[in-house]
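Line order of the protein sequences matches chains A and B.
Going by the numbering used here, the letters in the first sequence line up with residues 1 to 166, in that order.
Going by the numbering used here, the letters in the second sequence line up with residues 1 to 327, in that order.
Honestly, the hints are just simulated from the structure, not real lab data.
Cross-link-like lysine-lysine pairs, in silico, DSSO-like; alpha carbons within 27 Å at most:
#1 25(B) to 180(B)
#2 25(B) to 183(B)
#3 35(A) to 2(B)
#4 316(B) to 252(B)
#5 25(B) to 2(B)
#6 35(A) to 38(B)
If you anchor each label on the Cβ, the simulated ranges turn out as follows:
#7 79(A) to 221(B): 53 to 59 Å
#8 255(B) to 11(A): 53 to 59 Å
#9 305(B) to 159(A): 41 to 47 Å
Where is the CB? At the ideal position from N, CA and C, for every residue including glycine.
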Amino acid sequence: MPITINGAEYELDVDPRTSLLDFLRRDAGLTGTKKGCDHGQCGACTVLLNGQRINSCLTLAVMHDGDSVTTIEGLGTPDAPHPLQAAFVRHDGYQCGYCTPGQICSAKAMLDEIAAGWTSTVSDDVAGTPTLSEEEIRERMSGNLCRCGAYSNIVAAIVEVAEAQA
Amino acid sequence: MKPFDYQRAHGLGDAGQLLVAEGAKPIAGGTNLLDLMKLEVETPTALVDVNRLPLGGITPHGEGLHIGALVSNSACAADPRIRADYPVLARAILAGATFQLRNKATTGGNLCQRTRCYYFTDLAQACNKREPGTGCAAIGGFNRIHAILGASDACIATYPGDMAVALSALDATVEIHSAKGDKRMVPVRDFHRLPGDTPERDNVLEPGDVITGVLLPAPAGGTQLYRKVRDRASYAFALVSVAAVIHVEDGKIAKARLAFGGLAHKPWHDARVEALLEGEAPSDALFDHAAALLLEEARGQGSNDFKMPLTRRTLKAVLREATGGTL
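Given only the sequences and the hints, what does the whole structure look like? Please build it.
Below, the structure written as C-alpha cells:
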C-alpha cells in the first residue's frame, strides 16, 4: 500500500533505514520539512501523521504504508497561506526560518489538541478543560526549538490564530 | 545506522517467533530505539514492527483498566478515565518528553526506554550496559544524573521515564506474552531490574516476549500528585521525581503510595516508607523520618550528591501538599 502525502500517493520502495523525514525530502522531493538534529530534540522535522504531530526523523518510512502525512507544503501555499503562516509573517515569528515549517505544523496540531480537550503538564486540573494561555503555548511548543530566539513572536502569532478561531 | 531486516508482525505468535531470533528487536513508536540505532548504540539485525498488532485501546478490566501496549502516551494521558481516576498517571506522562514524542511513544515501548547515561550513548566510552565487561566510565566521571539508590560497581545508570514511576505508585501490572504463547503478569515494581553485575538487562523481558498491555487496579482515589524536578521547565528528564497517592482520614495518613524517578535503575518503591507514614498524623518531623528512611542506603557519586537533599525536599513538599499543608 502506498503512503499518502499532502493528498498524493507515493510508493515506499526504499531502504528500511530511511526515516520518514528523509523520504519526504529525498524521495518525495518535499524539502519544506527540515532536518535539524535528526534525534527528536529540535522539532524542525515536525509533520502531521494522520492528523497528529510527530518527529518525522524518529520513524521509518516503511512503517507508514496506508498512512496519511501532511507537511508544510500541504498546509498552505505562497498564494493561499495557512492562517498560521500568515500570522508568523505578520508577527515576525522567525529570523532564519529554518525551524518555521516545524513550528507551524506543530502549532496547527497544538490548536487541534486544545480543541480536543487535551491537558498539559502546566494545566491546573489534569481532568479539566484546558484554556489557551501563553504558559500553555510555551509548554505545548517546547518540542520546537528556535535557535534565533523568536519565541515571543511565535507565541504572539499562535495567540492571534487561536483567538480568531475561538 | 547499521542495516537490518524489516519484518512486520501479523499476529502475536508471529511476533514472538520473529523476536526469539538473535539480534531481533521489536519496534513500536521507535522514538528511543531509532535514536539509539542512529548512534549505533542499538544495532539490531532485524526490526519486528509490532504496530499492526491488535494491542490498542483502553478497556475496562475488573474494577480497573487494561491499557493496550500500543496505546500512545498522548492517548493514555488524554483518556477521560485516566485523567479522572488515575490523575497521577496522566500527570506523569504529561511531565515527560513533548507532544510530538508522546504521540508516537507507546505504553509498552515507554516501559522499555533506555537510560540517558551519557556514557551509554557514547561509543568511545566504557559502558557495561552497552558492552558488558568494558567497565563504567560514569563511576568517577560526570555523574550528576546518575543513581543514588540500588546502583552497583558495574553500573550507576538511572531509568529515565516518568510513566512507569506513576505505574509503580499505582501498583500496576505488565501483561507479557511469551514466544511459547503463554501469558504472564509482572508487577511494574518487579518489571525493571537493578543493575547488579548484568546491567545490560534493563528489565525482566526474555527473547520473544511481547508486552501486550498494562493493567491498572481499581481507582486508588486520594490525592494524587506527580512532582518532577528537572534542569529546565519542559522537555527534560527528571533529576528527581515523586509519584504520590495519599489518603488522609481523621487527621491521619490512612494510606500512602509513593514511587520515585531519577534515583535508581528502576522506578524506586520502598514499602517501609509507606508503612512509616500510615496511621500517623502529618508533620514535618514525620516527613523527615520518611525521607531519612528512604535515603538510608543512598550513596552519592560526587556530582549527584545533591540528589539526596533534593529528594528529601521534594518528598516533603509532595507530602505537605498531599496532606493539605502549605508548600
